Structures are given as structure tokens and as C-alpha cells.
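Using the sequences and the hints, build the whole thing.
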Amino acid sequence: MINIQSGIPGFDQLTVSELAEGGIPEKSTTLIYGPPKTGKSIFCNQFSYSGLSNHEPCLYVTTDNGIKQVQRDMMDFQWLIQNYIQDQTIYFIDGISHLSGAKFESKNNIVSSSVSNPADLMVKVGLGTRNVYKSSNHFRSILDSLNTLFAFNPNQMVIRILKAYLRRITEAGGTGLIAYTEGITDPRTEKELISLFNNTIRLDGKYINIESDYSDFNEVQNFESAYTITDNGIVVNENNF
Amino acid sequence: MIPRIESGIPGFDELTSSNNGTGGIPENTATLIYGPPKTGKTIFTNQFTYKGLINEEPCLYITTDNGYKQFKTNMDEFNWPIEKFLDSNTLYLIDTISNVSKGKPSQSESYIPSYINNPTDIMVKVGSGVSYISKNNHRFRSIIDSATTLLAYNENMLIIRVLKAYLMRVNEAGGTPIIVYTQESADSIVETMLKSMVDNIIRLDGENLYIEAMKGIGKHSSPYKMSGSGITL
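Heads up: the sequence lines are chains P and X, in that order.
Its first residue numbered 1, the first sequence is counted upward by one per residue in the working numbering.
Its first residue numbered 1, the second sequence is counted upward by one per residue in the working numbering.
It is worth saying that the hints were derived from the structure and are not from the lab.
This structure is a prediction, so every number in the text was calculated from the model and none was measured.
The beta-carbon is built from N, C-alpha and C at its ideal position, and this holds for glycine as well.
Keep in mind that the hints are not guaranteed to be accurate.
Which stretches of chain X does chain P cover? Using the computed rule of at least three CB atoms under 8 Å from a CB of chain P, they are [said to hold, decoys possible]:
id, segment
1, 107 to 115
2, 189 to 199
3, 209 to 220
In silico SDA-like cross-links for lysine to any residue, where the CA-CA straight-line distance does not exceed 25 Å [to be verified]:
id, chain 1, residue 1, chain 2, residue 2
4, P, Lys191, P, Phe223
5, P, Lys103, X, Gly127
6, P, Lys206, X, Val190
7, P, Lys68, X, Arg139
8, P, Lys206, X, Arg139
9, X, Lys164, P, Lys134
10, X, Lys51, X, Ser188
11, P, Lys103, X, Gly174
12, X, Lys69, X, Pro37
13, P, Lys134, P, Lys163
14, X, Lys225, X, Ser18
15, X, Lys135, P, His98
16, X, Lys195, X, Ile217
17, X, Lys135, P, Ser100
18, X, Lys164, P, Asp120
19, P, Lys107, P, Asn117
20, P, Lys206, X, Lys69
21, X, Lys195, X, Leu233
22, X, Lys38, X, Gly21
23, P, Lys163, P, Arg188
Structural data, given as C-alpha cells:
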């Protein structure tokens, strides 16, 4: 088992086990979920930035906030990504900016799509995956978040898009992190959703709960700890648990 | 550092002040104000609106609960006269309800009628309202009072999409939007969705004001009271 650095202080130490060093299992898929405003997007951005600063490319699908907003949110934590946009280490698919009425400036690695057009979104994910894969056979992929997709499409459609997305990125060697706000779909859909992932991370505002399914070893690992959101992002503080 | 704008609510800016001393509502972020009925949500937003107007920050106000007449009466009660701001077009009012009741004034440059049961029309008018206001101002405030009525008249997920588009537009133009919502007036999926769409969440329960989330600061709370001059923490 190979794990990659999460970039979240305390997280990699917490997730050490006899099967693997700590971190996020490479080429696996992780759902990060929990109630609103518990730090899911911050976690995603921190994970993405950690990869970028280690020269690991990132395919970032943003559906809740436009690229400008994502960049601004990251700047609040001093995670500056302008250079990575310029040197094309990060590849953005923006599924929401079209709603803002502003003109969208496409580039090689900044493309526009629409949360209400899943077919187009999947085409763009295909292009994006190939583009990122060309430069590296391992990369990080963020989808933040499923919320807006659920608001604009029938539930089962979102599940299908998600399955296709997860398959695509894992086939290309990507490590996927997907955000979802607990409680915005019915319990059945939510259960089905959670079952699609190798790992889940739940944030409830105070505690972080990690569940990793190492199916090759027929083992499920659980980790739990307190966490806080600081000016430098999320910090997992094992001692305070 | 996140710039903040004055709320106009005595005590609020102190409660929300961050390490570097400034408090208020984070500029160009979205806020949800919710709580049970009659806890002062509308008063809070009107006070916020009026503070902006006297600071020469225009306001795009979408009223779905009270028609123009009732809105004006509500403001007058606290001695927040709005007529001159309507005349100077710094208050841009989209009134979606006066058509249903009676007593709507005639359409003007900044008084725009719409229809509560026609979200498409509301969005078109929000679009032109945002362009109108942001043409000459890079900062402005915007209110929807309330999402509850929109949800009551329309399919829920449609309104979630409308509100998402609204927030995207106001945000892009540099505005600071507030959405008012009566707690438990829609199912929990809608309520969670609303919370997930905004940056800041403020809950009023009649006795205490809770900052459940706010960009740059953690959770805070304070008792408050309502008087003839509005809400005071």
C-alpha cells in the first residue's frame, strides 16, 4: 500500500497502520462529508495545494464556487496557486461560473462546463484527465462538491456521473477526493453514495473520522481524532482527543 | 485579511471582530439569516440595508414577504426612511408580492415589480438589477427577504438553483448578499442545502444571536433585544 501526503498537519501521523504509512491511499477514492461549514472545502484545497507544492498535478472540478472564488478561498490560507495555474500543474473544470453572468476566459487548463449538463461535464473530465495524465501518471483530483450537482440533476443521474468520474480518474492513476454535504439527499441515496468510495472522511466540526477499506487485505481501518480550523488550514490534534 | 462591512447592528461588529480588530459582515461573502418566526430576521436585514444606504452603499432588495407599502411601513417604524434612496436609485427594489396584494407604486428605474410564482422573471430582474447597481459601484448590499416565501410558491430544488444563481451573480459583481429564511419552513434537505451554499450562517432564536459560521472567525453568540431602534446585541 502506498499512501500520499495529505498536507494536513497531524493527519498522516493519525492514519499510520501496519498496512501502510499514514496519508491518503494512492489511486484510491475518498469521500469527504459532514454537516455544512465543517471544513470540507478547506480540506480539499489543502490536499490539492500539498500535491501542487510537491509537483503533483491536480485535476480540480469546481461546482460550488467559480475558479476566482476558489483561488480567493485558498488565498485566505496563503495557498497561492497562480503559478500552478500558469505552469499548468493544475487543471480546472469550472461547472458554475456560467451562472454568474461574467465572461469566462478559457485557457488550456481552465475550461468551463455546466453542472446542469452532465454529458458535457464528463467530456471535459475526460479531456482533463488525459491532459493531467500526460504530465504525470499520478495526480490528485478534487470534486468540490456533489451538492450543486444534486441541486441541478436527479439523484440517480448524479450517482451515474460520479461512478463514471471515479472510474476515469482511478484508471488514469489519480487519487480522488470528493466533497459532499451530509443531509442534502435522502438517506438511501446517501448510503449508496458512501458505498462507492474506498475511503470516507467525516468532519463534524469537532472530530474527524476516517474509514479506509483495504479490500486487498480484507481489512477496514478506522481512525478518529479532534481537529481545528486555523489560519493555516485544518490541523488534526491527536492529543486533544 | 478579509475586509468587512459595517452591519449597523450595535454590538454585532464587536462580536464578529477578528484578531486584527475589524468586525462586521465579511465583504463579498454570502450570509444566511434564519430562525423561528418573529425573531427579528427582517429587522436585522433592514437595519443592515439602511446602514449601507446611509454609508452610500446601494442595495438590491428582493422582497417576497412584504409588498412595497408594508416594507416602507416596517422601515418607518424604526425611523429608517427609504423614500429618498428610492428616488436617488440607490435602493433598487424588486417587489414580487405587491401584484398579489394591493397598493403597488408605479414602476420606476429602481422599483421593479415581479411575480413570486415566476422564478424565471425574478432571475431576469435580478440580473438587470445587479448590472444596474454594479455599473457605478464596486460594493453593494443585497437582500432576499425571504427564501421561505419563494419556496412556498415554487418547487424547492428550482428555488435552490435560483438562489445559487443569485449568489453567483451578486458575488461576481462585488456585492454582499443576505438570504433570510424561516427555520423549518422547508424540509431538512432544503435547509441543509441553503446552509451549504452560504459562507456565513446567523441564527436568531428570540433571545440569542448565534454566529454558527463566519468566514475568518469561529462560532460566537450573544443575547440581543429588539427595541424601537432595531436590534441591539
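Hint-by-hint comparison with the structure:
| no. | hint | result |
| --- | --- | --- |
| 1 | 107 to 115 | violated (count 0) |
| 2 | 189 to 199 | holds (count 6) |
| 3 | 209 to 220 | holds (count 5) |
| 4 | P/Lys191 to P/Phe223 | 20 Å, holds |
| 5 | P/Lys103 to X/Gly127 | 14 Å, holds |
| 6 | P/Lys206 to X/Val190 | 24 Å, holds |
| 7 | P/Lys68 to X/Arg139 | 17 Å, holds |
| 8 | P/Lys206 to X/Arg139 | 35 Å, violated |
| 9 | X/Lys164 to P/Lys134 | 35 Å, violated |
| 10 | X/Lys51 to X/Ser188 | 33 Å, violated |
| 11 | P/Lys103 to X/Gly174 | 15 Å, holds |
| 12 | X/Lys69 to X/Pro37 | 21 Å, holds |
| 13 | P/Lys134 to P/Lys163 | 23 Å, holds |
| 14 | X/Lys225 to X/Ser18 | 23 Å, holds |
| 15 | X/Lys135 to P/His98 | 20 Å, holds |
| 16 | X/Lys195 to X/Ile217 | 17 Å, holds |
| 17 | X/Lys135 to P/Ser100 | 15 Å, holds |
| 18 | X/Lys164 to P/Asp120 | 20 Å, holds |
| 19 | P/Lys107 to P/Asn117 | 20 Å, holds |
| 20 | P/Lys206 to X/Lys69 | 46 Å, violated |
| 21 | X/Lys195 to X/Leu233 | 23 Å, holds |
| 22 | X/Lys38 to X/Gly21 | 32 Å, violated |
| 23 | P/Lys163 to P/Arg188 | 16 Å, holds |
In summary, the numbered hints that this structure violates are 1, 8, 9, 10, 20, 22.
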